[in-house]
Amino acid sequence: MASHPFSEEEWTTCVGNQDQYPYNVIYCGNCSLPFEYCEYNSPEEFQRCLLWRRENYPELFSTYDESLLTDALKNVTVADSLSKAVENNSHSSSKKKAPLNPEIVITRAQRKGRKQVTIISGLDKAGVKLSEFSKVCKKQFSCGASVVTAPDMREVVEIQGDHLQETLHLLKDQFSVPQEYLYVMDDNKRKVHAF
Amino acid sequence: MFKKFSPQGDIVSQVPIKSSVQRSIRLQILEQFPSIEPFIEDILPKKEKWILVKCHGHMNLISINYGQPVFFNLRTGPYFPSLRLLHAYPFLLPRLQVDKGAIRHILKGADIMCPGLTSAGARMDEQLSSNRMVGIFAEGKEHALAIGITKLSTSDIRNVNKGVAVENIHYLNDGLWKLSLGEQQS
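Chains A and B, in that order, are what the protein sequence lines are. Its first residue numbered 1, the first sequence is counted upward by one per residue in the numbering used here. Its first residue numbered 1, the second sequence is counted upward by one per residue in the numbering used here.
Since the hints were made in silico from the structure, they are not lab data.
Beta-carbon label-pair distances, calculated as ranges:
| hint | chain 1 | residue 1 | chain 2 | residue 2 | range |
| --- | --- | --- | --- | --- | --- |
| 1 | A | S42 | B | K18 | 39 to 47 angstroms |
| 2 | B | K47 | A | S32 | 22 to 30 angstroms |
| 3 | B | S180 | A | E39 | 18 to 26 angstroms |
| 4 | A | D186 | B | Q14 | 40 to 48 angstroms |
Quick reminder that beta carbons are idealized off the backbone N, C-alpha and C, glycines included.
Start from the sequences and build out the full structure, keeping to the hints where you can.
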């Protein structure tokens, strides 16, 4: 690793030799942190960092670093590990597509006086397209419906009027969403199963 | 501050900065960091296009040519350097050094607690008042890992030795560190 830009006396004043700035910091191509912080990544990530460092900055790759590499990876190159990572990712992404418990939460909210809206959140996680769902709602309930961004930055579908029960059945029958995914916000603002 | 920062949700607008505004920003930054003067042309070149990135919560980022943000501020408050800038010019901020055990937590966005600054591996060589911008460095490490604001003066940190000493504003691998504006542009 390059020598420290400060000598001991300069530590406090923080003004070293002016010529050496801007100090050129080398960042890890894998995790984007300076090398010395790579070790704070997850263990698997750190292994990839080490491999990257060995490939691209062999002069900064010390024997100590070598000892941190797990045996299985010692003779592997970055390309290999990348392809492995891709494999792993494809595995995990297929899992991610169907998360264990997608929750569709249906809420009623008041708008301007006694007007009500029905808000359906969590549709995207259950694999229902928001725009399509809102279109179907418009036709079925003959009302306004749109995809809006909730304050927490999630996309939700907002239907004008109180259509809580209808949407539940619509989701269950037409969109074949399993019953256990459906939740309703009750009067105490608590999430309860719809059925 | 940037823990939950996401480019899609949190960036409101990106606009080029007028040259007259550029001048005032440059003056303000020079006033804040006098030691930066010899390098100001490298960091904030006059000829390049400055971009003001407005974010939720009245956060403003300054980027040169849609590159990595170099400075950010809140409302009209003081300008914070980004960590990448602090790495290149480590003399910008007064330094505080934390012990090894604190690094993990800081990299997850935690505030810096007093004991992390008073134990054996830590250093506080300067006398600082509260509400000062500081760079957080770590025992045995060369580069800064966070930028924060002191909540207590250094003497108080020593005496009280409990609770939050420095508020974590910007740390390695947070939303601002990962932000790349190039994608937004297209």
